[in-house]
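Take these sequences, add in the hints, and give me the full structure.
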Amino acid sequence: MSQDELYRTAAEGYSAALDRLARAYEANPETRRDLLQDIHLQLWRSFASFDGRCSLRTWVYRVAHNTATGHVVKQRRIREKLVGIEEIESMPSDDRNEFAASQSLALERLSNLIRKLKPLDRQIIVSYLEGMDANATAEITGLSAANVAMKIHRIKNVLTRRFHEVNPHAE
Amino acid sequence: MPNDFNPQKIWQEQPAEKNKMSLEDIHRKMQQLERKDRLTALISIVMGTGLCIFFAYIGASGHMGAHGGDALPRIGCAVLSLWSLYEAWHGYKWLWPRSSELAVTWSASLQFYIRELEKRRDYQLHVWQRAGLTWCFVGVGLLIFSSLSRVIHDRHYGWNAAPFIILTALWFPIFFRSRKRKLMKLEQEIDTLKGLETENR
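Taken in sequence, the protein lines are chains A and B.
Residue 0 is where the first sequence starts when you use numbering that gives the first Met the number 0, and the numbers rise one by one after that.
Residue 0 is where the second sequence starts when you use numbering that gives the first Met the number 0, and the numbers rise one by one after that.
Pairs of lysine-lysine, DSBU-like flavour, derived with a Cα cap of 35 Å:
(1) 115(A) with 193(B)
(2) 181(B) with 117(A)
(3) 73(A) with 179(B)
(4) 80(A) with 184(B)
(5) 80(A) with 28(B)
(6) 118(B) with 80(A)
(7) 8(B) with 117(A)
(8) 117(A) with 184(B)
Worth flagging that the hints you see were computed from the coordinates, not collected in a lab.
Have a look at this one:
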C-alpha cells in the first residue's frame, strides 16, 4: 500500500481514538486541535517507512503517543509536575465528588487525572481505557506485559477507590 | 450518582471533535511547515547579520566609550559582531527547512521518551557550545569590564551602572544553580527509565 493509502486506512480506522488520545495529553481545546493535526501529519510522514514490522494499530498508537509525548516533554513547567501512577495511588482525591453524576463531568475528571501522569503511565491508562490488553499495550510502550499488567491493576485500584469514596454503597 | 461507573465506557463514548484531516490538508500543512521553517531561518539570518553590522559599527565608531586607546570595548564589540555572524550561520544550518525529516519515530514509546529526555539534557549541557554563548558572554564581559573601569573614575556613571552590574552578579549564580538542579532531575528520570528498559529486555 502507498503512503497515502496507509494514511487513509489509519485515519478511517483510528480517527476517533486519536481524538481521544489528544484529549489525554492536552486540556486546552485549541492546542489540542494543533496537537491532533500534528499527530495526523506525523502519522502520514511515518507511513513512508512502514514495512509491516508491526501491526497497523501498534504503529498508529506508537506514532500518536510519541508525537504527544514530544509535545509534553517540550513543556518543561508541566513536565516537571507530572507524577507516576504509584504516586497518584497514594494521593487523596482532590474532590470527593470526583466521578459525580454527569457523564461529561466524569469524563472531565478522568481526563484531568490522566493529564497528571507521566507519559509512559499515561499511555498505559489510555490503552486500558481504549480496551487494549496488556500484550497490545506492551508492544506499543516497549514495557513487558507483566509490567503493564501490574500498572493496569494499579490504575483500576485508583479508579475504583476514587469512585467508591463517592459512592460507598454502590455495588 | 452513577452506580455503573465504567471508565472505559465513559472514555470511549466521549463526543468526537470531528478533527479529520484529509490528504489535501496534510499536504497543505507540510507546505506551511516548510514555509514557517524557512521564515524562522531567514529571520535568524537577518537578525544575526544585522547585529553583526550593529556591533561592528558601534566598535568602530567608539559609541560605547571606546576613547582613544581604550581597546576593551572595541574588542568586546568585535567579539559580539563575530558571534552574531556565527548565529546567522547557525540559523541557516539548523533551521532551514527540516520538515522533510521525520521528527517522531515509530519506535516503542519507552525508547522514544528516553531519547527525548536525553535530547533535552544534551541541549541543556551543550547549548553554550552550540550557540557559541561563551563568546557572547566574553564580548558582553569585555563591555561590562570597560564600564567598571569607568565606574572607578566617574562616580556619576557608576551610580547609573551599579544596578545593572549588581543584577548581573546576582543572576549568574542563581541561573547556574537552577540549571544544575534541573539537569540533575532530568538525569534521575533518564536513569529510572533506562533501568526500566533493562528490566524489560
